[in-house]
Every structure is written in C-alpha cells, then in structure tokens.
Amino acid sequence: MKIVTVEQMIDLERRSADVGAPPEVLMENAGLAVAESARDLLSRIDGKSIMILVGPGNNGGDGLVAARHLHDWGAKIHLFLVKRKTENDKNFALDIERNIPWTDAFADESLSKYRDILSSADMVIDALFGTGNVRPFEGTIKEMLEQVMAVKKSNPELKILAIDLPSGLDADTGAIDPASLYADLTVTLGYPKIGLFRFPGATKLGQLEIADIGISDYLAEGIPTELVTAETVRGILPQRPLDANKGTFGKLMVVAGSMNYIGAAYLACEAAMRVGTGLVTLAIPKSLQSILASKLTEVTYLPLPEKEPGIVSAEAVSVVMGNLSGYDALLMGCGIGQNSETAEFVRGLLSSLSPDMPLVLDADGLNILSENERWWESVGNRSVLTPHPGEMARLTRKYTDDVQEDRLKSAISAASEWNQTVVLKGAFTVVASPDGRAMICGVTNPGLASAGTGDVLAGAIAGMIVQGLSPFDAATCGVYLHAMAGEIVKAEIGDTGMIASDLLLGLPLVIKSVREMQ
1219 MKIVTVEQMI DLERRSADVG APPEVLMENA GLAVAESARD LLSRIDGKSI
1269 MILVGPGNNG GDGLVAARHL HDWGAKIHLF LVKRKTENDK NFALDIERNI
1319 PWTDAFADES LSKYRDILSS ADMVIDALFG TGNVRPFEGT IKEMLEQVMA
1369 VKKSNPELKI LAIDLPSGLD ADTGAIDPAS LYADLTVTLG YPKIGLFRFP
1419 GATKLGQLEI ADIGISDYLA EGIPTELVTA ETVRGILPQR PLDANKGTFG
1469 KLMVVAGSMN YIGAAYLACE AAMRVGTGLV TLAIPKSLQS ILASKLTEVT
1519 YLPLPEKEPG IVSAEAVSVV MGNLSGYDAL LMGCGIGQNS ETAEFVRGLL
1569 SSLSPDMPLV LDADGLNILS ENERWWESVG NRSVLTPHPG EMARLTRKYT
1619 DDVQEDRLKS AISAASEWNQ TVVLKGAFTV VASPDGRAMI CGVTNPGLAS
1669 AGTGDVLAGA IAGMIVQGLS PFDAATCGVY LHAMAGEIVK AEIGDTGMIA
1719 SDLLLGLPLV IKSVREMQ
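Position 424, counted from 1, in the sequence shown is what our numbering calls 1642; the numbers after and before it change by one each time, with no gaps.
Quick caveat, the hints were computed from the structure, so don't treat them as lab data.
Check before you lean on any hint, since a few could be wrong.
[To be verified] Listed next, with one range per pair, are the computed distances between beta-carbon atoms:
id : residue 1 : residue 2 : range
1  : 1593      : 1624      : 14 to 24 angstroms
2  : 1375      : 1735      : 50 to 60 angstroms
3  : 1511      : 1439      : 49 to 59 angstroms
4  : 1569      : 1477      : 18 to 28 angstroms
5  : 1572      : 1477      : 28 to 38 angstroms
6  : 1735      : 1709      : 13 to 23 angstroms
7  : 1466      : 1664      : 19 to 29 angstroms
8  : 1306      : 1330      : 24 to 34 angstroms
9  : 1527      : 1733      : 36 to 46 angstroms
10 : 1235      : 1569      : 49 to 59 angstroms
11 : 1527      : 1466      : 37 to 47 angstroms
12 : 1589      : 1375      : 34 to 44 angstroms
Built from N, CA and C at the ideal position, the CB exists for glycine as well.
Take the sequences, apply the hints, and build the full model.
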C-alpha cells in the first residue's frame, strides 16, 4: 500500500481520469466507501441521526454522496454547508430529490439551529476540507468545530468520522489546526497521505481505514514510500520447506551483552530464534556465559576474552573472526557497552569483516561508530542500522528534534548517504533503503517505549536476514512482526507494564497469523 504526498495524489487522480476513472467516478466510490464505514461504526444505521459538515471542494462532494447512501439506508441526515451549493451540483441535486434537509451555515449566524441538531446527533461526518486546505480556521467554521468537540466531551457516544483526513490536518507535514476534530474514524481515500503518519496530526485520526476508490494500483507503482501491511509481509516471509534442517534456516552470530546489560543478549538471541532462525551463537564475555546458559538453552556460545569481568577485550576480534566462517549474518551492539576497550573491539571487528557479510548494527555499536568521522565507510553495504532518534542524531551530527521533524526524510537521506538500510525506530518506524524506497509502520504503541524492545527488534531483523531475505526486506519484516507482537500483548494486558520479553512469544504468533491469511 503506497503512501502519497498531496502532489502525488493529485497526479494519480489526473492519470486515473486518463484511463477511464474520472473524478465523478472516484467521488461516487469515495462517498459509498465513507457511507459503508459510517454504517459499520454505528453498528445500526436505521433511524440514526447524522450531521454532515459539507465543505466547498471535493471533500464536500464526497460527503454529499455519502449522505445519499446513508439516507437510502434509513439514516436521518442533515447537511450543513459552509458554501451554498447550486442545483447544478449533481450530488447536491440528488440529495435535494430525497428531501434531505440542509442548512447554509453562514445563514445560521448564531449557530442556534446547528447546536440544536448537533445536540441530538449520533454521528458527525467531517467533509469540510481535504488535502487542499492549509489555512487556519477562524470565525464560523472554527466555532462549528469547537461546538462538535464540546458536545463530544459531554456525550462520548457521539461518533466523529473524518473523510480523507480531519479538516485542518496538513496532508504532507502532519501539522494540525487546534480546532480540528478528534475523529473516532478517519476514512482516507485511495491511498494514505504521509501527514497521517506524522505528529501532531496523527493524534487526531482515531482508527484509520483506507478506502479503495478505483485508482488502478499500477498507476502508483513508481511511488517509493509504502505502508507495511500483513500483505506486504506475507509476500516476503521465508519459506519453510518440509525437508528442512537447521542449516536451511540460517546461522546467526550475535555479539551482545556486557556486565550491565546481560538481558540485551538474551532478548536479541531469543527474538532471532522466535522468528525461525536455525542456529544462533552468542559471542559474549566469558564470565557471563554461565549466567545466560540457564536462560538461553537453545543457543550455542562463543566465550570471549575479557578486559575485566563482563567487559569484552579488544583481543576478542580474532576469536570472533576465527569462528565466523559459515555464519550467514552478524548481529552486534545490543548491550555491549561503550567503554574504550569495547570501542576498540567494535572498530577492530568492523574493519576485519568482509563487506559481503550481512550485518545488523544496533545500540552501543551505533554509538561507538558515531564517534568516528565518515564512520559509514567502515560498514559493509549489506548492513542494517537500527537507531532510535537519539542515536540517529549522533550518527548524523544533528539534533534529535531535527531528526524527528521529518523522520521519513531523515531516514531516506541517511540510507542514501551511507549506502545501508536504515531503520529509524519510534512511533511510525521508518525502514529506508539506499535506492530511495521506504516503508512506514503504521502501528504506534506506547508499550514498546521500554528498555529492551529494540534488542528484540534487532534480533528479529537479523533472524530474517539469515533465512535469506535482503537487508531491506528483512528490516521490513522484522519491524512488522515486532509491532504486531506488541499489539498482541497490548490487547491482552494493555500498554502499561508491557516489557520487552512479553514480545517474544508474540513473534511466532504473528508469523502464523500472516501465513494463514485468506
């Protein structure tokens, strides 16, 4: 599922008209889709009171089409027009034929009629403004929206549905007018817009649905940014042949853990196994092996020489390199620490690796790298880097706020400059490829904002690489599995108190669910 800018959406609609789906067809499809979503949201439509706020443009036209269908299904509709329609407007004329009542919002100067109808409404549909409006609300329109939210506050049962996006949300930047409605459901039309996955606008969407309005998918093939979906992942999940052995599913070397961060090694290794890796070997400071052996019973171990208890020695480079042959990928960085001896080990190991060795680099490994100028030249081009915003800021020599201001641009620019796959973690995680492609995960879950969840993600990505996926596909798959495992836990216990190890059993459940999709 492609994610589009306003300019790209306009181009898609124009080219759609050229191949037989003109604007009036798209509008009819959009209005029907909105009506169906409204019906589903209300559960029962017959006799329900629905107020539709109708704007002057295409968004308003979509609302007029939805009004007709909802009326035909038994709903009581009232249209509030912020710009007077003429009977030359086909969709308005069809509503008038059905005796659907309407009010000119600016003729109702005191908004007394508006408030009266709003007070008994079961649903408000926001069909005011779509992707074309970026002006701040003022006057009557601002007051109308504020009245809706006031009623919603006193009557939480009132449902608010936004067509395409809540009016006042910038479809490119995610900027939002303070008066914009908090929707229960946003039905975005054709393709989701990038601004829906940026804050603060994303806070006002409620549930997001994507409505097919009849634009042929081939028209969007050149758009490089996509939403990660179950269908995406189903198409790239590694196969599980019946005659497999553990070598079929890859061998992963994990260099992780230190005295203060023993758990990071556990989480990364367990995650790699839970996504199907055939063999995981943990290279860890030798004094920590006995601590982990009772917890990680399925991995094999490579004890590393230590500078001091629990701190890897720089001499361990030769030990890792002497045992790395035959492994399909290396995961390094989870909880290894950042002292000078560890930093020397990391730099030495990276300089010794073949550029063809797939590498997942996380956490402390990234922080150590960031201390070097042009650090990316020491990392092979089959690497996946998994920074959170703070680590990304250090790697790019920027402020964290600058990274967060446009996360998609930050990730794409970095992937291109470094010639590596970049996973910019956080709400709406971005996976970016050196060739300009990007995937956005549409899941946000505060429960994932806790220690160790990044180690689980790194292990899941590395586990997908050793099973034969490209770095970009492995990162895409790992991000989705990680996010949806979080959704499983959230559904069970909520997002407060969720811990990283809760995700581990969710990973194979997500894989099972994706494979069983009809």
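These are the hints, each one checked on the structure:
no., hint, in the structure
1, 1593 x 1624: 14 to 24 angstroms, "holds (23 angstroms)"
2, 1375 x 1735: 50 to 60 angstroms, "violated (34 angstroms)"
3, 1511 x 1439: 49 to 59 angstroms, "holds (51 angstroms)"
4, 1569 x 1477: 18 to 28 angstroms, "holds (25 angstroms)"
5, 1572 x 1477: 28 to 38 angstroms, "holds (30 angstroms)"
6, 1735 x 1709: 13 to 23 angstroms, "holds (18 angstroms)"
7, 1466 x 1664: 19 to 29 angstroms, "violated (38 angstroms)"
8, 1306 x 1330: 24 to 34 angstroms, "holds (30 angstroms)"
9, 1527 x 1733: 36 to 46 angstroms, "holds (44 angstroms)"
10, 1235 x 1569: 49 to 59 angstroms, "holds (56 angstroms)"
11, 1527 x 1466: 37 to 47 angstroms, "holds (38 angstroms)"
12, 1589 x 1375: 34 to 44 angstroms, "violated (56 angstroms)"
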